Amino acid sequence: MKVELPGIAAPLIDWQKRHGRHALPWQQTRDPYRVWLSEIMLQQTQVATVLGYYDRFLARFPDVASLAAAPLDDVLALWAGLGYYSRARNLHRCAQAVMSDFGGAFPPSAAQLVSLPGIGRSTAAAIAAFCFGERTAILDGNVKRVLTRVLAFEDDLASTTHERRLWAIAEQLLPQDQGIEAYTQGLMDLGATLCSMRQPLCNSCPLSDLCEAHRQDRTEQFPVKTRKVKRSRRANALLWLQQGDAVWLVQRPDTGVWAGLWSMPEFEDLEAAEAWLGDWPGERQPLPVVRHVLTHFDWELSPLRHTLPERTGPKRLERLQRTWPTGKWVTLADLPAHGLPAPVAKLLR
DNA sequence: CACGCGTGGGG
DNA sequence: TCCCCAAGCGT
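The first sequence runs 1 to 349 under full-length UniProt numbering.
Mixed in with the good hints there might be a few duds.
As the list claims (entries may be wrong) - Listed below are the simulated PhoX-like cross-link pairs for lysine-lysine, each with C-alpha atoms no more than 20 Å apart in a straight line:
no.	residue 1	residue 2
1	K328	K315
2	K144	K225
3	K144	K228
Simulated from the structure, these hints should not be mistaken for laboratory data. All of these numbers come straight from a predicted model, not from anything done at the bench.
My request is simple: use the sequences and hints to build the entire structure.
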């Protein structure tokens, strides 16, 4: 069955050139390193948030070689607060793969890029389009919204089959021979500005004449997505051990929540933390609970702050190190050099 | 294929 | 208070 698809490329490209975004820090360059870094940071993350990280990261790691040579811990420290920390791990692994497998230059095709850690189909396409002018389709949250509306695409995107069908359509909608950069950027810009989730600004949209959802006055009904992950609840205790101006921090395991970041020792509950401390001398005080929301659960963290006397016996300090082999005392001044989870950084501050 | 994985903002 | 979402990917 042959289905007629609307010609969105020409009006979209024209609109992007006139009204799209052109001055973001990762634009005006075809350097794959800079584009790649921005694409990874922007995964599931809004532009406004990334703006606070991108330049700082680039100043510390100006090229793929410097990133590949750095300790992972330094990379995580710069990523701290951005979330989805596996991105930072994969970023680091990817930089090393580019050095070892591609001689320090990103491969110039989406097909090769997608084989690198942290680069999926959409990110590979974005890099290939922006840096190498490859005619290939992206399909992120913005593009899904724009395309499902233009087409009045009724199928549930929670289904892999339906999403695959939308990918195929995205490929067919690409401009025939020119303007893949402006087209790709235009889809993102449109989704991020006019074609918003609620109350889209159809009056200003270059595609409104072609848009089936707009014609039916049903824009807010697309995209169709049923996925509903119910968020669970967890409660734990954090042991805030203070000595002088230093805090006892431990590096979290390299899998799970906040993988590889520095945090305070975590306990099942306040009682368990109390029990571990036993009769240790010093001032002990439970602090108000910290509520933190992650994608899959609400977390209630109850900090137990314990200030050790200046002269604390070596036996006790040895027990600390034995219980948490990765642990160490970190002074206030050294906190910024460590990757702390957002709520932990806030608590310590 | 379903789920794990952060954080901040908006309605 | 609660739900949804944001330039998704890996397992």
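Structure-based check of all given hints:
The suggested pairing of K328 with K315 holds, with an alpha-carbon distance near 16 Å, which does not exceed 20 Å. Distance restraint check for K144 and K225: the Cα-Cα separation of roughly 11 Å lies within the 20 Å cut-off, and the hinted pair is therefore satisfied. Straight-line distance between C-alpha atoms of K144 and K228 comes to about 18 Å, which keeps the hinted pair within the 20 Å bound.
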